[in-house]
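Student: Those protein sequences? They're chains B and D, same order as listed. With the first letter of the first sequence counted as 1, position 106 gets the number 105 in numbering that gives the first Met the number 0; the numbers rise by one all the way through. With the first letter of the second sequence counted as 1, position 4 gets the number 3 in numbering that gives the first Met the number 0; the numbers rise by one all the way through.
It is worth saying that the hints were derived from the structure and are not from the lab. It cannot be assumed that every hint is accurate.
Here are the simulated lysine-lysine pairs, PhoX-like style, with alpha carbons at most 25 Å apart [to be verified]:
no.	chain 1	residue 1	chain 2	residue 2
1	D	Lys12	B	Lys133
2	D	Lys12	B	Lys210
3	D	Lys133	D	Lys158
4	B	Lys133	B	Lys158
5	B	Lys209	B	Lys12
6	B	Lys12	D	Lys209
7	D	Lys209	D	Lys12
8	D	Lys12	B	Lys209
9	D	Lys133	B	Lys12
What follows is each chain in one-letter form.
Protein chains: 2
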Amino acid sequence: MGVGMLPVNVPEKTVRRLSQYARCLRQASLRGESTVTSRELARNCGVSSSSVRNDLSYYGEFGKQGSGYSVSGLLANIKTILGKINPPGVIVLGAGHIGTALVESGLSDADGYEYQAIFDSNPARVGISIAGIKVQPLSELSAACDENTIAVIAVSPGKGQEALEALAEGGCQAVISFNLEPLNPPEGLSLRYMGVSTELDLLSHSIRSKKARRSHHDRMELSQLTQ
Amino acid sequence: MGVGMLPVNVPEKTVRRLSQYARCLRQASLRGESTVTSRELARNCGVSSSSVRNDLSYYGEFGKQGSGYSVSGLLANIKTILGKINPPGVIVLGAGHIGTALVESGLSDADGYEYQAIFDSNPARVGISIAGIKVQPLSELSAACDENTIAVIAVSPGKGQEALEALAEGGCQAVISFNLEPLNPPEGLSLRYMGVSTELDLLSHSIRSKKARRSHHDRMELSQLTQ
């Protein structure tokens, strides 16, 4: 299968790692490396070699047995797979702390994405310029939306659903929400939540799991000693 | 199995959804609801009922057949599972745009987490106050770290590994990196990357997949029409 056709049912973790491989390949290319083995790529990205081979196998054969992958070739293929050749435009709803920090930090040129517009419902914010992009009123939203737009919601708590509906009405089909309240996306719209709270929960759970394993291990050692 | 003991090998997506269920249960509680069925919880969180039942089954029986779950009881159990009863403290490395936006936005009280300290290596930033928290020099880091700390890395590009090593040396075992360059965590340290670029890649891939499915569907319809 060529990379022109996309297989269905690729697990999210595979796509997530492809994104990471692209980043590692770019760095390998900057270091002047022309080929990379799955083992090297795995080590650079902090994943297992079998994950690398398994992830790439969804999309066909990219390397020659024994000689590894071409850095530039594999990077180009992954960029095609991820849709980064003609990347979607990115717009931001909300010119508060998070929205401002995002637009001011910018997106890596190498990733291909670019912030194209920022919107806010607060008239006091409309017209100010953030990293050279003027904040527009929500009434201008639909002109900036289409099915190739990814929108980032970073509005006040409680205003997420309203923002999502305005985006869907404007024709946007892909949304990242920094608002953590649960939103009801209309059918067909892909919605992802991105909040530090969820990541904190995942790490808090991992701290607890580690402690549980350690205390289990301690009990096992103790029971062996006392047998 | 009680929630005191944690099962091993719980999939990340289950923990991620538990975090979401906690958020939905809190909202149900604010609406004055005292019980909730798995179907209602699923609808509120935008997941399937079988996901809810499957996720909770890792931790034992929480509801009575037919009568659903107690909102406050299930919330308390999930908070215990996630380690939110005595939640880890959160510290931030980097008082640039992202670090400042995080600390200024704060964390929801209901989540239990709290930003406790913020650090920066830039002497010009040390001493300024962000949301009432004074920026400290990196030399003070180890006093703020222990195995119950979650650290957020939001330092300049290229400085992530250095920050990670300082954290590990200070005894921190759980890190969220907003720096997207690949970092090499020492053994035992849990590291998560959080960047809008990865989420953009996931959505860009989903836009491409949707188009591929649509064009496949169109071709199938055409071939049926022309048969």
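Student: Each hint should be assessed against the structure and marked as holding or not.
Tutor: Quick rundown of the hints versus the structure:
For the hint pairing Lys12 (chain D) with Lys133 (chain B), the CA-to-CA distance comes to about 38 Å; that exceeds 25 Å, so the pair is violated. Of the supplied pair hints, the one linking Lys12 (chain D) and Lys210 (chain B) holds, its CA atoms being roughly 21 Å apart against a limit of 25 Å. For the suggested pair Lys133 (chain D) and Lys158 (chain D), the alpha carbons sit about 21 Å apart, so the restraint of at most 25 Å is met. Proximity of Lys133 (chain B) to Lys158 (chain B) is assessed by CA-CA distance (about 21 Å); at most 25 Å being required, the pair is judged to hold.
With a C-alpha separation of about 22 Å, the suggested pair Lys209 (chain B) and Lys12 (chain B) falls inside the 25 Å cut-off, and the hint holds. With a C-alpha separation of about 18 Å, the suggested pairing of Lys12 (chain B) with Lys209 (chain D) holds against the 25 Å cut-off. Between Lys209 (chain D) and Lys12 (chain D) the CA atoms are separated by roughly 22 Å; this keeps the pair inside 25 Å, and the hint holds. For the hint pairing Lys12 (chain D) with Lys209 (chain B), the CA-to-CA distance comes to about 18 Å; that is within 25 Å, so the pair holds.
With a C-alpha separation of about 38 Å, the suggested pair Lys133 (chain D) and Lys12 (chain B) falls outside the 25 Å cut-off, and the hint is violated.
Of the numbered hints stated above, those contradicted by the structure are hints 1 and 9, listed in ascending order.
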